[in-house]
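Each chain, written out:
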Amino acid sequence: MSALVTRALALAVLFAAALVLAVGVGAAGVPIATVIDVLAGGGDATARAIVLDLRLPRALVAILAGGGLALSGAVFQALLRNPLAEPYVLGVAGGAAVGAVAGVVFGVARFAPSAVPLLALAGALAAITLVFTVARRVGRALDTRVLLLAGVVVAAFFNAVILLLLTYADVESFRSAVFWMMGSLSGSTWGTVVLLAIYMIPATALLFSQARSLNLLAIGEDTALYLGTRVERVKLIGYLVASLAVAVAVAACGVIGFIGLIVPHAVRMVWGSDHRVLLPASFVAGSIFLLLADTAARTIASPAELPVGVITALVGVPLFVSLLRRSSL
Amino acid sequence: MSTTPAFEARSLSYAYEHAHAPAICDVDLAIAHGSFCAVIGPNGSGKSTLIRLLLGAEPPASGDALFEGSSAHGWDRAELARRVGVVTQTEEIVFPLSVRELVAMGRYPHLGAYRREGAADHAAVDAAIATCSLSGLEARAMNTLSGGERQRARIARALAQQPRTLVLDEPTAALDVAHEMAIFELLAKLVANDGVTVLMVTHNINLAARYASHLVLLERGLVAAQGSVAAVVERGRIETTYQWPLLVQPFAGPGPDTGAPQVAPLRKEES
Amino acid sequence: MAALSVVLLTTACWSEDRPLINSPITVTDDAGQVITLAAPARRVISMIPAQTEVVKILGGVERLVARTQWDKDPALAHLPSTGNALTPSVEWIVGQKPDLVIAWPDNDGRNVINQLRPLGIPVYSSRVESLAEISSMITRLGVLLGEPARADSLVRAIDAQLDSVRAAVAGRARPTVLYALSTDPPMAAGASTFVGAVIDAAGGTTLFADMTQLWPQVSLEEIVRRQPDVIILPVGEATSGSAVALRKLPGWRDLDAVKNGRVYEVDADLFHRPGATVGIAARTAASLLHPPLQAVRRPALQPEAKR
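Chains as they are written, first to last, in my numbering: chain Z, 44 to 372; chain A, 516 to 786; chain V, 7 to 313.
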């Protein structure tokens, strides 16, 4: 237990440090004293705009989206009993991308920029509905293998739709669409924070409450049933709530890869597979990872920005490989 | 205590979707509390399906599958898990998990979603680990264990549930003689000393005949014979069910099971 | 009635604190947004190369705070680059306290424009495709920079250049032109692009004038069937294909234009930037489409950049 407390404290310190870095560092080079001044209510208009309207909402979006993606990844890996599962495995990202790309290509975004996240969300919901309808129609209960297959097939279908849309897109729409799909937190506003928080906070609590059931389901559905789990109910809650978390995260910042795959594995290697620890730790570790990755994306090529997905992969993969070499997984 | 049997089937039938014949057909049986019951029968005779129905994993197509007098499928799953421990045929452990973590899951039915493990829970886990001779292996990762150790860990998890009834589906399928015997000895001790009811599916007719008090022989979803060992393990009956020539001879002993009928299949050309 | 209006107007003007000459500058941009500046812009961040060039010509390099990676003008090399113009650091821009940002009205709604406007930074979103839009852009930037006269002379200079090109090719047969943005897959300039307008001024007809898309992806078969008289390949960053390579490519090597040596490479930066250099682009195109015309030097009509 005391080892658990030490590790929780270490994670909390890391989280605080990442948050301070995200709010304190940026291309504009606002001195840290000024940042503190702004947070205390002072500072000039430019410094206030940079810290309060740009950095702070962006950091909060990183926390909610990064945490949500890592948490969903952990839930999908448990439910699908597959270490390769990741948040986008059920076609959610494909659906969201179709929504966003359609919005861009058909010019909706030009007149109503805030429509893009909503279209992405609608696309993601359509994908979830489609995948679950397919999976439930084939078998009576929610068959994990059918669900996985349905996800892959639906994702492939959406991919084709995206390519079709891009074929008819003009050059600018093409660029916008491709940049959207790369994922970025640069569009984060307080509105994005609210959209994410409204869903992510209760969803996170609900998923945390399923931790023991997920421990059992990670071993097998029969085992879970015979150890007192209402399997179908837990599966439905898990898949739906986690898929929706992914949908909201993708709507807010596009498709950011690797967090949902790597973070849960990294946490498992350090802390083991007990979901009562794994789920909250994955959320916090995902938050930290995206906070740091976005801070890097914002500052490395300053005053330009790099796509954050590039950083998550470039840094995440070597980190993961070194963990993999040291662990027994 | 009560005369209500642990498990009971009344005209129980079940068919899988798109199947030509029912997997379980018009089965009637009763398994009394405190008995050691073995279900035997050829591959595909419906043994596992029968177990699933008695455990309420599937609703019956017709008839009733009862546990302690009420419909097995209607039981609250957590309540049922506090009374019945189940060891399924296989489990694939994908993520790293220690022996103790696995055994501790047996306490989940008693804890619900949030309650932390107390002293009683730790004691139950310790006892189960000791009973299954796993002391010293507690911190080992499940995927580093041998087949016998892994199976003992899964039985320990079922014991940690502190159930009155244990159900095991081919628990010794891939084990060598010593490991198989150890598990049968353990089950026999639980029945004799702790009054636990054991319902197991097995392909080992000879060990079933030496340990069980009650046998159920299934053939293509139907009960071909059930009752005492002597009534079920009878040459004509077993030959017909398994479609293989064999001899039935009494076990030469020594031991309490001296005289139990033992099946020796014959080579084809000798018959 | 008219007299009354004059009186009212005069009263209105007198009620202002500032004299009439310093009244706010107001311009409507290509996204329909009204931009109001209290004074001519002095710190400009432009994220479109052609517009950057116009700002330099009208207002001088010192008014520019940043450039993009596409701006290769040595006069701008000392400025920090905001990268590919699509993903600049918004907070860096805010920190520079620009009084005018010029950006392309991108389509994903997540771009700088929507982030800078709420923070009170004036953003002029500029979308230029036709020749008329070039003039309009120059005129409005002139207003925003407080240099309407210089803008006016630049517009007139461009018009004069284009008129001289049109006059030079008048009455000549108009060759069909395939302007191939890429050769694999073949992607052609549509008639409604800036390139299409330049080809038109230079006395040519775009091969795929019947297609409505700006840059349609076309089939090689259709190109072979239509047999363009001239093929133009832009060369520069993010373009593919070369005149030499076409001679070996199946399909392409069978085109009359390739066999007759009527494939030309042009500077992509010149042909893809609708702005102050449109006249040079048109002259270059005309010299390629109508070989007897003299190759083009920098025309005298072009005003020198303000120092």
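For the record, the hints were derived by calculation from the structure and aren't laboratory data. Computed from a prediction, not measured in an experiment: that's the story for all the values here. There's no promise every hint is true.
Listed below are the simulated EDC-like cross-link pairs for lysine to aspartate or glutamate, each with C-alpha atoms no more than 16 Å apart in a straight line [as the list claims (entries may be wrong)]: (1) V:K254 with V:D206; (2) A:K783 with A:E754; (3) V:K103 with Z:D96; (4) V:K103 with V:D158; (5) V:K78 with V:D216; (6) V:K103 with Z:D186.
Simulated restraints, written as ranges between beta carbons of each label pair [claimed, not checked]: (7) Z:L192 with V:D190: 32 to 40 Å; (8) Z:L357 with V:R133: 31 to 39 Å; (9) A:S661 with Z:L367: 37 to 45 Å; (10) Z:R50 with A:E632: 49 to 57 Å; (11) Z:I244 with A:G584: 23 to 31 Å; (12) Z:A248 with A:H637: 45 to 53 Å; (13) Z:V221 with A:G559: 26 to 34 Å.
Computed from the model, here is a short list of chain Z residues facing chain A with C-beta under 7 Å [to be verified]: (14) N202; (15) I262; (16) G271.
Even glycine gets a Cβ: it sits at the ideal position worked out from N, Cα and C.
Requested in this report: Hint by hint, work out which the structure violates, then give me just those numbers in ascending order.
Outcome: Those not satisfied are hints 1, 4, 5, 6, 9, 10, 11, 12, 13, 14.
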